[in-house]
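Colleague: Listed below, chain by chain, are the residues.
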Amino acid sequence: MRLTSSAITIAVLGLGFTAIAQQQGPAEGQPPSTAPSAPSSNQPQVDESALRYFASQGDTRRVNAEIARLRALYPNWTPPSDLSQLSAGAVAADPIIERLWNLYKEDRVAEVRAAIAERQSSDPNWKPPDELVTALDTVEARRRLVNASDSGQWRTVLTVATENPNLLTCMNVDVLWRVAEAFAKTGQPDRTRDVYTYLLTNCANPGERLATLQKALALLPDNQVADLLQFERKTGDEPDNFDSIRGELARRRVERAANDETMTASAEDLATVDRLIRSSDEPGPVLVLAWYNYHHGNPARALELFKTALDRNGGGKAAEGYAMSLRALERLVEAEAFAYDWRDRAPANMKIYLDVATALLAQDPPPRLEARIVSRIVPVVASQRFPDGAQAIGWYSYNTGQYQRAREWFRQALKWRADDEPSAYGLALSAQQLNDRANFNAIVAQWRDRSERIADLAAGATPRASRQRVSQGQLLQPADREPQVSVRSVSVRTEAPRAFVERSTVEAEPRLRRGGHRTCVMTRNSKGLAPDTALTLGWCLMEADRPMEAVDAFDQAIRRGSARTREEAAYGKSLAYLRKNLTAEAAVAAAQTPQTGGRRIELSASILGQRALAAYRDGRYVEAILALSERARIVPEQTDLMLIRGWSYYRLGRYDDAEKIFRAVQRTGSSKEAGVGLNAVMEARYPTRQ
Amino acid sequence: MRNFARRGSTLLPWLLAGLLAAAPAATPSWGLAVQPLNVVGTLPSAEWEAYRSRFVEDNGRVVDNANGNISHSEGQGYGLLLALAANDRVTFEKIWTFIFTELLIRDDGLVAWKWDPAARPRVTDSNNATDGDILIAYALAKAATAWKEPRYAAAAQKLARAIGKNTFGRIGGSVFLLPGAEGFNEGERPDGPVVNLSYWVFEAFPVLAGLAPEYKWNSVWREGVGLLQQATSGRIRLPADWISIQRRMQTKPADGFPPEFGYNSLRIPLYLLRAGMTDLEWLRALRQRWSAGNEGVAVVNVVTGNIRERLTDQGYTILSAALACALDGTPVPEGLKTFQPQLYYPSTLYLMTKSWLGEKHPQCV
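Those sequence lines, one after another, are chains S and E. Residues 36 to 725 in the working numbering are what the first sequence spells out, letter by letter. Residues 132 to 496 in the working numbering are what the second sequence spells out, letter by letter.
Okay, chain E solo, but in the shape it has when bound:
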């Protein structure tokens, strides 16, 4: 995903900044830390149907209705995962067909990230977005197992290899995830390498490692955790969406992007929860910040701590509820239980959260 406009409105007052010092660097191996998800059958068909009818076209295109009705690899990837969660093989097949014919055209085997119905050619930027690639490969791999479809397995493996080959960057002794194959690495921009921590879809790493074991998925996964701890060790305790890791022990917001914990980074706690990586101390700090009595879910300047925008769509507030459920067993408030899809992005986050709650914490919903 890239920086799309995400809409929302304000709610709670800003109360306090980060409280706790940096946690000691945990170095778990994922056998321990990532708990596999079933995904299949975790989404009520009514909720999926509400989403599908609103955002998925008959040709399998997932429409971002807040961004000029474009499509992107991230949306197609979420679409696959949610269709799988709803056990909707028909829609899964359509979404995959769209990816295959329209976006899976790069010479390196990665997925072109942006598709605009109003443009010719419709792929308006043939660079990839690595989170989109990961989501698609992961969904294909899960679907291949669930539905015993070798076409999906083959496609998942090809894509996993392309990800390992083209998006794993190296700096010093560490291996990290490039947000795109071009334009982010050392030497490609003055503050490069630049990463986006919300591109680490942690739950996918063990699965993709099984498909393309020749690449260092484990190291990249671990680097994601380490960079997250590094980037949340400051006073505000929030990572910027886009981070320069030129100096790995002193990460800083990347040039040319707002120094914000924004729409991208909101997904980091979701991915941590879905992967079962709840031991991270940072999640507790975030839980406190997001709690009803404090500032709530918001776009925050990571340098000043100022809130730019409070996010009240249920797709954002359910993230806070999920955190409370996972850490404290707090049930999801009644007002969040009914799905009211309006915009693509928060609706997607809502269902991604709901699907996980349904599988791991049915008592909260």
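Bound-form chain S, shown alone:
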């Protein structure tokens, strides 16, 4: 057995002193310098009586332990070279000493203490050998330290360690571990690392060294554990093998990246986890890699891995991932069937079932579903009081011409979530279909201020009504027949809303791109959609004038999509914000992904135009002019914006500039608006003219 150097005692002690001093103030701790320096400064007489005694008993284990202990205490001491010279004759003459050492050897510490007390009460001048006292103190200290550590009394652990530095040796690796843990539990992780560092620097047992790193994994941040790997001994009689620690660190890195789409795991780490998967039957590493693939745009690979995890009894977590992967792959029928069987396993499994079932029902056009599937979804949605599910059943019913049923489910959804605008809209549509004026009027009265499209319904725009009539023919179609054209396409707006500037380009783009595709999948949550699907949904929602929902869809496409998809999605997102007059957000979105030249100019022009308008509305005329000038550098200024510029100059009292602009507008043929401006300038210049 290799013996420890005293360095660790001294070094850890120093740490201990510092730490204790931090806790208790300087008064109670000894000065750090005394203990380490004491043994070397004056060479004390080393008491070898215990060593001799153990040797005479042939107790090799204790001889070695005693040598280690003495070395820790007296760095310059060297043990007797020939242990056989330590004959029984050298044992101390006093018979009580032998009895005491025997008791000590049997770990009967209380009885040793008692016997010393007894002897001292009859002979007050008698003193036990210093070595015995030290040995007893050490054993007691170790017991107290272990007991305190077992009971989570960390400050006691540190106090005992500080008062008993000779405990802190490689002979007592368990004590060192406990001290390290106490540092961690008292908020001193750097000291924990220091203890491990000294242990790895000084202690030789490879099993203990590996166990030290395993302890570190539980107590230290990963980067500090990784730092400790440098102490791996690759040569010598008993080389270390810390590969399992490296594997765990890699697994953790992949696990972190698995839950964070913005983080990418290195190929090396992924390969390590792959090896872990192949070298064990555990589901743990499989799940890590599965989630990583799921959240990094590879649901097909995720599906395979979740399947493996299921085969390894990965349980509810694996089932959740499996269902989510099916969903991401838009294999909704399979996803529903699978998730149904797992729904009661855990709340997360129920949640994914409801999500999948909702997505399944809300497809547009509505899927051809077996009656038994719909009828098993319904009671689950009902018992879970899941508003999105109720809404989805509503749309499914509506789109398959079952308006009464649709009306009921939309109403139910609103009961569970009062501010659910899509359900209110669905309810209004259903009521309209059923010619239910009372309910229609009630819902319109309640929602017209909050929902433009409901207000529009009430206004009764004609193109909409005509399309609705088309679908009335399917009024009585049962749910499991193939549905016809979705009625929900009525929500597509034929008229661009508030985009004041560049309306034509903003609106034209999606239509050009998406051609005849007019209907949108009715999922509330676009998370989990494949990027291209999300992008399509985004454009569809733009067409349906639901820009805020479109933002979500575009976001999903930005998160997962290829560079091309991301660019288009960022473009769509900017347009969506512009539609809502959210100029600043639009600018941010436009900057999110680099755009090609034409689009960049288009977006910038739109954004600057809206910014100018907003500034003008708020009376910030200088800013309005600045935005307009910036815009004019990239595209020619159109008439309406020239008027804004003119009025801005006017408000600022720059009448000459205003007049110049108004006259220019006049020349383009918009004489009426220009005339108003010119008159105003005249009035301002010659106020007394009556």
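Treat each hint with caution, since some may be false.
[As the list claims (entries may be wrong)] As a list, the in silico DSS-like pairs of lysine-lysine whose alpha-carbon atoms are at most 25 Å apart: (1) K162/S with K468/E; (2) K347/E with K296/E; (3) K491/E with K468/E; (4) K450/S with K386/S; (5) K468/E with K220/S.
FYI, nobody ran anything at the bench for these hints, they're computed from the structure.
Since the structure of chain S is already known, use the hints to place chain E on it.
Modeller: For chain E alone, kept in the frame of chain S given last:
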């Protein structure tokens, strides 16, 4: 100590409830009220030997054989005091070693109260029990003087400071003794603070005050007397073991504990006698209740006055005999003079009483 099961059987009929009105609140200073005890050499070695061989293991563990052979800080404290009374330094050292290595592990310097040989870790509840802390600190202090052992003196002082720092609660203007550092104070339970009057080991207070004079031992001691008078002023005239002092002038049995004058509270008269605080009127009322012609020593519901259990072990009946001796000079009956240890708790009470009788009233035994 906590609520351990204490065993006993029934004997006498219930006759009458409390007789007397509350005594006027005495506010003695302890110079006047607590008479110091010698303790050392007051216990015959045969009786101690009977106890030691039955309840104290070689490693210094005092075993509560009625409670799954667990140990607790209270038992270790009694063990120290009785070893001191028997002048048995060897056993004292063993018991202390057990306390030091196994129980004196709390960060705040108090003693973990419960140790179970069948559990891992063996300390199954690291909270303290303040009576255990007081008994241990007191015994160490007395032993340090008797045997001139500075290790004991240092340990006693550390523990006394920890008691003063962590177990003295405050409510209104008064300072009281918390049964444990955690879980009993105001805000820690709905009816908190909750106290246990049998945790006031009155004789220890002047000694511990000498070790840790920076804490208000005198006030806590006085509060114990005041709360005892308050809690014994009702119709039944017995305090419950666990008392809520949320309203100090209207104490009531604490929630979640039986509203009983039980095994805990039996020790209150013993501690009063040992401290020489015999002037309390309540002791006379108790003497009457406990007398042979009346109900005797019993566990009594302090609300209804109903007896739940009559206690006939000599460890309990000797309490009544000691009261009769102290107040009226009545000798201890012959049948109580021979020690027959069976269970840890009554045997402990027996020797604690015997030791005191031996020192203060040898004529009664």
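Colleague: Each hint needs a verdict: does it hold in this structure or not?
Modeller: Consistency of the hints with the structure:
{"no.": "1", "hint": "K162/S with K468/E", "in the structure": "violated (41 Å)"}
{"no.": "2", "hint": "K347/E with K296/E", "in the structure": "holds (10 Å)"}
{"no.": "3", "hint": "K491/E with K468/E", "in the structure": "holds (16 Å)"}
{"no.": "4", "hint": "K450/S with K386/S", "in the structure": "holds (20 Å)"}
{"no.": "5", "hint": "K468/E with K220/S", "in the structure": "violated (55 Å)"}
The structure fails hints 1 and 5 (numbered hints given earlier, in ascending order).
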